[in-house]
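Go ahead and model the full structure; you've got the sequences and the hints to work with.
Protein chains: 2
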Amino acid sequence: MGTELDWGQIQQDLENTNTLDELSGVAFRLRAMLGIEHLTYHWVDGAGDQYGCTTYSDTWEERYRDKNYHRIDPVILGCFQRFHPVDWKSLDWSGKVAKAFLQDAQSHGISNQGYSIPIRGPNGQFALFTVNHSCDDETWQQFISTYGRELILIAHYINRKALEFEKERQPESPRGLSPREIDAITLLALGYSRAQVAHSLSISEHTLRVYIESARSKLGAQNTTHAIATALSRGLIVV
Amino acid sequence: MGTELDWGQIQQDLENTNTLDELSGVAFRLRAMLGIEHLTYHWVDGAGDQYGCTTYSDTWEERYRDKNYHRIDPVILGCFQRFHPVDWKSLDWSGKVAKAFLQDAQSHGISNQGYSIPIRGPNGQFALFTVNHSCDDETWQQFISTYGRELILIAHYINRKALEFEKERQPESPRGLSPREIDAITLLALGYSRAQVAHSLSISEHTLRVYIESARSKLGAQNTTHAIATALSRGLIVV
DNA sequence: TTTCTACTCCCCAGAAACAGCGAGGGGGTA
DNA sequence: TACCCCCTCGCTGTTTCTGGGGAGTAGAAA
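Note that the protein sequences, when read in sequence, are chains X and V.
First residue of the first sequence? That's 1 in my numbering, and the numbers climb one at a time after it.
First residue of the second sequence? That's 240 in my numbering, and the numbers climb one at a time after it.
Think of the hints as simulated: they come from the structure by calculation, not from any bench.
Be aware that one or more of the hints could be misleading.
Now the in silico label distances, taken between C-beta atoms and shown as ranges [what the hints assert, rightly or not]:
| # | chain 1 | residue 1 | chain 2 | residue 2 | range |
| --- | --- | --- | --- | --- | --- |
| 1 | X | E22 | V | D284 | 36 to 44 Å |
| 2 | X | F165 | V | K328 | 21 to 29 Å |
| 3 | X | R209 | V | S456 | 45 to 53 Å |
| 4 | V | L316 | X | E4 | 25 to 33 Å |
| 5 | X | D66 | V | G348 | 39 to 47 Å |
Not the full set, but computed from the structure, chain V residues with beta-carbon under 7 Å of chain X [unchecked claim]:
| # | residue |
| --- | --- |
| 6 | Q248 |
| 7 | R304 |
| 8 | G317 |
| 9 | Q320 |
| 10 | G363 |
| 11 | H372 |
| 12 | C374 |
| 13 | V478 |
Backbone N, C-alpha and C define an ideal beta-carbon position, used for all residues, glycine too.
As structure tokens, then:
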């Protein structure tokens, strides 16, 4: 494994990256710089419309998507509730499905040591940056303590780049919700009924419905529950 | 301004920080290390229940809270929609309220140059790390390009510490949901009606209701919408 | 073996949410 | 000034959800 990263080069490299495909090249070059076996940036989208760049095999990538593994992968589930980087060893692999997943992963070339960094952006965006290698625990510990800070920064910069691409992909500007709309759906998300919300906000239930309706249409949601879920996952409201 | 940060010392300092009050000490020491006038970590909570650590005057801090400035502060509004760090100059200060806010801030000792880094954690947590100084544009540019990466890391580590404090404040042990229950509420969160969900899962609508009911009671939720919001914010389902 | 949990199905009546309509006042922006 | 968005209130009927109840299977855990 190398000893020091050339940040000028990394930033230059990212600067010259203009498409998602080119990001894969960055992944491979970073892998070489770090001297590890695998490196992945994975934008996690609940709908399964996920992408990123990886040095894993295409086979595994496809399999992961086909099997909807992002719903059971302990790495994703664990990181989703954490802020700090996570060593795979500290995750919960006790479940039956988790064990089967682990076995399947290893049979597709995923190494035993892993370290994943959760990254979050606006509107509830969530991504994972992962380094993966096969070695003993001590060597791995050494690697993490040497490169821990650098890995956080790499995760940050790659995500920044990915968000740029995303912005180009969907220039739709999701209009924000008005304060009253936010109040309304926040209280609904807290379990209040319409009547209770209307009372809390000191407005009539009819008025309340107008807010819910407009929030729903702004969010492109099918129904109230969908609107709440959308607002939550976009980070428009906090419960 | 200094030239190189001693990360060992910074991490040690954070390690020894066990309360929110002690975090203020860290802020002052970091300010000295960076050789700037002000430094702020600010946890932004939609409900206004915000806290953090700052080297700003208590007067300004109180005023900020009293006036609910977090609702109009262009720094917060701007950073909330961005991922990358933001120089205050690139924000939109054109509004009337924004100008008044800026003037008020400067009359309370806030310097002209500012650089804010948005940070996000699980469950929609959002915080800002800001450095503030008075100097000309060129000097400031120099400072940012020298310390940009370090500032990102400082923001990361302080936020990690703040989240630890927060977790101590509200410990909870959520029982997991069964696979069928997860399927059910996930589809509901995606906007499906009961009938559609039942059809998708190839079960009767009656059965579906049992799942929703049991999920609701496990989550301690008042109604279906509440259950979905709870599951989402606990990271039990992903949409 | 017993016990527990997960999964499946069924009934009913009342409460709540839904969809779509219209209308007026206030405030800021162009 | 005109325009747009936000906030507020109103009506009606239809669809859906809610909250009780009970009951049987299979598999895993104790």
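Practice problem: Return the status of the interface hint for V:V478: holds when the least beta-carbon distance to chain X is below 7 Å, violated otherwise. | Solution: Constraint on V:V478 satisfied, holds at 4 Å.
Self-check item: X:E22 paired with V:D284, Cβ distance criterion 36 to 44 Å
Solution: holds, 39 Å
Exercise. Against chain X, run the beta carbon of V:G317 and see if the smallest gap drops under 7 Å.
Key: violated, 11 Å
Quiz item: Do the beta carbons of V:L316 and X:E4 sit within 25 to 33 Å of each other?
Solution: violated, 39 Å
Exercise. Could you check the hint for me, namely that X:R209 and V:S456 are 45 to 53 Å apart, CB to CB?
Key: For V:S456 against X:R209, whose Cβ atoms are near 28 Å apart, the range 45 to 53 Å is violated.
Quiz item: Should the interface hint for V:H372 be scored as holding, given a Cβ-Cβ cut-off of 7 Å against chain X?
Solution: Hint violated; V:H372 Cβ to chain X Cβ min 23 Å, cut 7 Å.
Exercise. Using 7 Å as the Cβ threshold, decide whether V:G363 counts as touching chain X.
Key: This interface hint holds because 4 Å falls under the 7 Å limit.
Quiz prompt | chain X contact restraint for V:C374 - C-beta distance below 7 Å | solution = violated, 24 Å
Quiz item: Does the CB of V:R304 sit less than 7 Å away from some CB of chain X?
Solution: violated, 18 Å
Quiz item: Measuring from beta carbon to beta carbon, are X:F165 and V:K328 in 21 to 29 Å?
Solution: For X:F165 and V:K328 the Cβ distance comes to about 26 Å; the hint holds.
Quiz item: How about V:Q320: closest beta carbon in chain X under 7 Å, or not?
Solution: Nearest chain X Cβ about 5 Å off; hint holds.
Self-check item: Outcome for the supplied range 39 to 47 Å, where the beta carbon pair is X:D66 and V:G348
Solution: At roughly 58 Å between Cβ atoms, V:G348 and X:D66 fall outside 39 to 47 Å, so the hint is violated.
Hints 3, 4, 5, 6, 7, 8, 11, 12 from the earlier list are contradicted by this structure; the remaining hints agree with it.
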